[in-house]
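**Q** When you get a sec, could you build the whole thing from the sequences and use the hints?
These protein sequence lines map, in sequence, to chains A and B.
Final position of the first sequence in the working numbering is 326; the numbers increase by one with none missing.
Final position of the second sequence in the working numbering is 326; the numbers increase by one with none missing.
A few of these clues could be false.
Derived contacts from chain A toward chain B, CB cut-off under 10 Å, selection only [what the hints assert, rightly or not]:
id: 1; residue: 221
id: 2; residue: 290
id: 3; residue: 293
id: 4; residue: 296
id: 5; residue: 307
id: 6; residue: 319
Short derived list, chain B residues pointing at chain A, Cβ under 10 Å [unchecked claim]:
id: 7; residue: 108
id: 8; residue: 119
id: 9; residue: 242
id: 10; residue: 292
id: 11; residue: 298
To be clear about the criterion: a stretch of chain B counts as covered by chain A if any three or more of its residues have a C-beta under 8 Å from a C-beta of chain A, and this derived list gives those stretches [unchecked claim]:
id: 12; segment: 92 to 104
id: 13; segment: 277 to 291
Derived from the structure by calculation, the hints contain no laboratory data.
Each residue gets a CB set at the ideal place from its N, CA and C atoms; glycine is no exception.
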Amino acid sequence: MNDLLWIFVSAMVINNFTLYYFLGLCPFFGVSGQLKTAFRLGLATIFVMLITSLCASFLNAFVLPHAPYLKLIAFIVVIASTVQFVEMLIRKLSPTLFRALGIFLPLITTNCAILFLALTQTSRDYSLVQGVSFALGAGSGFTLALVLMAGLRQEASLASVPEIVKGTALNMIIAGLLSLAFMGFAGLFSAV
Amino acid sequence: MTQPEPHLLLRAAPFLRRGLTTPGLMTEVILALVPVILAAVYFFGVSALLVLTATTLGAVATEWLLSPVRPRGVALRDGSAILTGLILGLCLPPGLALWMAFLGGVVAIGLGKLAFGGLGQNLFNPALVGRAFLQAAFPTALTTWVPEGTITEVLSVRSGTFAAPFMQSSVDAVSTATPLGVMKFENVATPVADLLLGNSAGSLGETCGVVIIVCGVFMAWRRLFDWRIPVAILASVAAFSAVVWVFDPQASPSPAFMLGSGGLLFGAVYMATDPVTSPIAPRGVWIFGIGVGALVVLIRLWGGLPEGVMYAILLMNAATPLIDRISQPRGFGRGRAAA
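**A** If you want it as structure tokens, here you go:
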């Protein structure tokens, strides 16, 4: 149980995918302009990561032992198509949920953070439950970073930022400072 | 001939004014820092003064050079760059090489403040940005603590201060551990009296608890900051650490030790209270303070670092826009404000 909690916290804040590994930066910068969309993208990411983790566990158990060279291809293809399939399912079963996650589901599927999740889970030999915990932690961490970033960006949009820094440069600076602040979590619970 | 005093003054509201301007506020805060600076010089000698000078010079020079306010130098008049430099200096270790301290001042103002458009627009506390940058860039230098001295050693310069630019200090520095470091890695608590009187190693301004408390009370009385912030931080640190302490008094530090050690008092009084980077509404301020307190306890007790005040405040700075959003007061007679 403790182990699962540690995996969750570690993926969420200590080794935050965005602020520690610098993964998934395209949606991080692209969709953090508005708080609402940022939060929805975060939810979609948690969802996709959950599916990713399940798919990766399945592939690791049944397919990849026979064909290890297919790892990258198998992960990408299986994850992407499963997400597409689930998206269709959601559209039929719950139009409300579909409208909330909407365009973000296919958008996030091909992100580097997703592939990283599958590969890390494989290299660390996580069990099915551990993988789920890892995926939930990573997704929540991504959502946390995205929501914080969106709040900061909305605040900064009210400031009289110098012309030379405006736009991407300022976003990079904010992200860098946020990452600096997250360094405080380094080594959390490692002694326990 | 002088103009006769008019009998009737026509002005717009507000009519009762305190006459507090930005330069006035900055001056008062700087005055409230003077006792802390004196304590730092008393305990750490000339090195303290040199480090403070270096950070302040770095901050002021950057503000002069890069501030968008024209003509040059006008931006300096409000005194905020000096204040940032002093606060940054006071949270650095005494034996730090001067060029690193200068660089910290440059980053604090350049990246922490001017990149966002200057005074009042920054998202993170500039001094803490400088401190976090230095911590990431020179982790060894920032965690090398020299022991505190007495008045007889005031004139001695701590080794390492004059390291040439881009060089690390020589290794012969007499180093020691901070009370938090000793607690974390050897599980020995420093007596609380020593913490309050300053007989312990640490950053320049953080060792002498009594001076900080007195200055904090003075500033709260002058209403230079929102008194709720330090109260919320200190109370929540005491409460959270008391819970842990009750369950495991052997391995965990007492609430009194948690309150007196490290940069908590200094951070709660001088850094978390920055009006720009803390929430506006009282409810938000309480959330902010409790958040800082919880993060401090989390990082100190379970984190890899002995001290977490800096990161805790930075993280809550990052959350401040969101807190402002949820803590917006409701107008009387209105329903919930649409989020």
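**Q** With reference to the structure, classify each hint as holding or not holding.
**A** Going through the hints against the structure:
1. With 10 Å as the threshold, the beta carbon of residue 221 of chain A stays out of range of chain B, its nearest partner Cβ sitting at about 28 Å, so the hint is violated.
2. For residue 290 of chain A, the interface hint holds, since its Cβ comes within 10 Å of a Cβ in chain B; the closest pair sits about 6 Å apart.
3. Against a cut-off of 10 Å between C-beta atoms, the interface hint on residue 293 of chain A holds, since the closest Cβ of chain B lies about 4 Å away.
4. Nearest Cβ of chain B to the Cβ of residue 296 of chain A: about 5 Å, under the 10 Å cut. The hint holds.
5. Hint status for residue 307 of chain A: holds, given a least beta-carbon distance of 5 Å to chain B, under 10 Å.
6. The beta carbon of residue 319 of chain A comes within 7 Å of a beta carbon in chain B, closer than 10 Å, and the hint placing it at the interface holds.
7. Contact between residue 108 of chain B and chain A, as hinted, is supported at the beta carbon level, the nearest pair being about 4 Å apart and thus within 10 Å.
8. Restraint check, residue 119 of chain B versus chain A: the minimum CB separation of about 5 Å is within 10 Å; hint holds.
9. Residue-level restraint check for residue 242 of chain B is violated (minimum Cβ-Cβ distance to chain A is 21 Å; threshold 10 Å).
10. Hint status for residue 292 of chain B: holds, given a least beta-carbon distance of 7 Å to chain A, under 10 Å.
11. Interface restraint check for residue 298 of chain B: the shortest CB-CB distance to chain A comes to about 2 Å, inside 10 Å, so the restraint holds.
12. With 6 residues bearing a CB less than 8 Å from a CB of chain A, the segment 92 to 104 of chain B meets the requirement of three and the coverage assertion stands.
13. Here the segment 277 to 291 of chain B counts 6 residues with a CB under 8 Å from a CB of chain A, which clears the bar of 3, and the coverage holds.
Of the numbered hints listed earlier, those contradicted by the structure are 1 and 9.
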